[in-house]
Amino acid sequence: MIILTGQAFDPGALLSEFCQDRTETGAIATFTGLARAEQGDTTTLELEAYPGFTEAAIGKIADEALRRFDLHDFHVVHRVGKITPGEAIVFVATAASHRRAAFEACDFLMDYLKSRAPFWKKETGPAGARWIEPRAQDHADIARWETPKP
Amino acid sequence: MIILTGQAFDPGALLSEFCQDRTETGAIATFTGLARAEQGDTTTLELEAYPGFTEAAIGKIADEALRRFDLHDFHVVHRVGKITPGEAIVFVATAASHRRAAFEACDFLMDYLKSRAPFWKKETGPAGARWIEPRAQDHADIARWETPKP
Amino acid sequence: MARVLLFGRLSDVAGWRERDIDSASLGALRDLLAGEDEGLAQALAAPGVQVALDQAIVRGDATLSARSEVAFLPPMSGG
Amino acid sequence: MARVLLFGRLSDVAGWRERDIDSASLGALRDLLAGEDEGLAQALAAPGVQVALDQAIVRGDATLSARSEVAFLPPMSGG
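Residue numbers (our numbering), protein chains in the order written: chain A, 24 to 173; chain B, 24 to 173; chain C, 3 to 81; chain D, 3 to 81.
Because the hints were derived from the structure by calculation, they are not lab data.
Check the hints yourself; a few may be wrong.
Simulated pairs of lysine to aspartate or glutamate, EDC-like, Cα-Cα distance not exceeding 16 Å [said to hold, decoys possible]:
#	chain 1	residue 1	chain 2	residue 2
1	A	LYS145	A	GLU69
2	B	LYS105	B	GLU146
3	B	LYS145	B	GLU156
4	B	LYS144	D	ASP39
5	A	LYS145	A	ASP96
6	A	LYS145	C	ASP14
7	A	LYS144	C	ASP14
8	B	LYS145	D	ASP63
9	B	LYS145	B	ASP64
10	A	LYS83	A	ASP96
11	B	LYS144	B	GLU156
12	B	LYS145	B	GLU69
The shape of chain A in the complex, shown without the other chains (with noise of 0.2 Å):
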């Protein structure tokens, strides 16, 4: 499941529910990320997204995850829209009977929402506003997961 949301949301509450019912799934990895104050550098942080088109994305990525790490199920949840430091950014959820695939797939979906996901990201902080482009740690971080070329 794949869910944009412009509301705040708990991520302890969506892993209560991914929890639920499982008796064959042994392993669930979960990765939140939160807003930081940045020292007080960073006062608000505004994502965009493209409803339909965003989803779509992140449901292709998730495809590959599922096939690629044989998944049971995953959950991607993602604020849209201003967020106050301390407020969760994103949250995935992974379910599989064994913990490396797990975590794999947990940090693989991560690395693809950091870095190539359809979000549009401003901080605003006292020196202004600016948008944010992906770090080179980003790119360094998704280059792992790409078969080298023969």
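Assemble chains B, C and D onto chain A, guided by the hints.
Quick look at chains B, C and D alone, frame taken from chain A:
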């Protein structure tokens, strides 16, 4: 914080609490291990710990994780006693500035908990009861974190 | 009357986010936008800006219908 | 009167989990247990079985006091 408990617990409630009041933590990773039914082969899992000794042993590894991955915080909750399929056995949460550290620390703690932590595990099913020893995969997983000897 | 959407910094540059514009093709739409806003034309031509027609990325020109949705997408930053 | 604890399969073999036993050293304690239960003696001597004295792993012999806690630990399985 390291807790051993004989009672069923909700991983989501633990995550909700762990996310509270963080303004400089950008990344929270969690792992939840659930008891699997193994298609009816396992009816009960029983975990024995050595109170005091077990928490101290986990605490040493958690201290190593704090230093090694520059963690802000961690939380480990482990069930002991009889556990039925679908119930949570273990919950690990890690908090860091960035996601790579949070993921790696969570993965590292789980590899330790699943292979070397002072627990003794008995599975009971239609075929009777047996004590479980670590799987070869668990040894391989934990070997990933060890510095190769020159 | 294609619906035109601007995302990220593009809508800051243009001062609008969403407009209905009468245009027969993507090329004609770009010319029309360039004619009224030189700053926006430069921003649309910047490296990494993609165009989605009815939510699918397109390269080059394309015919627009009355119900087309055209979105100009700056480099995606991730969440 | 050291307190002796058996974990995992050791307590299944012995039929008890916790006993107070009067013994001056770990060696003397092992001899005493062997004298009363050959099966337990073999299980305690199996590869990977460790001994903790007052919650710290010890190798070889050690003196026991009246308040010592001795735990026999089979290979740890993880959780």
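Between LYS105 (chain B) and GLU146 (chain B), does the CA-CA distance stay at or below 16 Å?
-> Holds, at about 10 Å.
Given the hint that LYS144 (chain A) pairs with ASP14 (chain C), does the C-alpha gap stay at or below 16 Å?
-> holds (13 Å)
16 Å Cα cutoff - pair LYS145 (chain B), ASP64 (chain B) = holds (13 Å)
Within 16 Å, alpha carbon to alpha carbon, are LYS83 (chain A) and ASP96 (chain A)?
-> Roughly 14 Å between the alpha carbons, so the hint for LYS83 (chain A) and ASP96 (chain A) holds.
Starting from LYS145 (chain B), check that the Cα of ASP63 (chain D) is at most 16 Å away, please.
-> Violated: LYS145 (chain B) and ASP63 (chain D) sit about 30 Å apart, past 16 Å.
Regarding the pair LYS144 (chain B) and ASP39 (chain D), is the alpha-carbon distance no greater than 16 Å?
-> Given that 16 Å is the threshold and the Cα spacing comes to 24 Å, the pair is violated.
For the pair supplied as a hint, LYS144 (chain B) and GLU156 (chain B), is the alpha-carbon distance within the 16 Å limit?
-> holds (8 Å)
Hint consistency between LYS145 (chain A) and GLU69 (chain A) [alpha-carbon to alpha-carbon, up to 16 Å] | holds (5 Å)
Under the criterion that the straight-line Cα-Cα distance not exceed 16 Å, is the pair LYS145 (chain A), ASP14 (chain C) satisfied?
-> holds (11 Å)
Given the hint that LYS145 (chain B) pairs with GLU69 (chain B), does the C-alpha gap stay at or below 16 Å?
-> holds (5 Å)
Holds or violated: are the alpha carbons of LYS145 (chain A) and ASP96 (chain A) at most 16 Å from each other?
-> Judged against 16 Å, a Cα distance of about 31 Å means the pair is violated.
Sort out whether GLU156 (chain B) lies within 16 Å of LYS145 (chain B), counting only the CA atoms.
-> holds (9 Å)
Taken one by one, the earlier hints fail for this structure at numbers 4, 5, 8, listed in ascending order.
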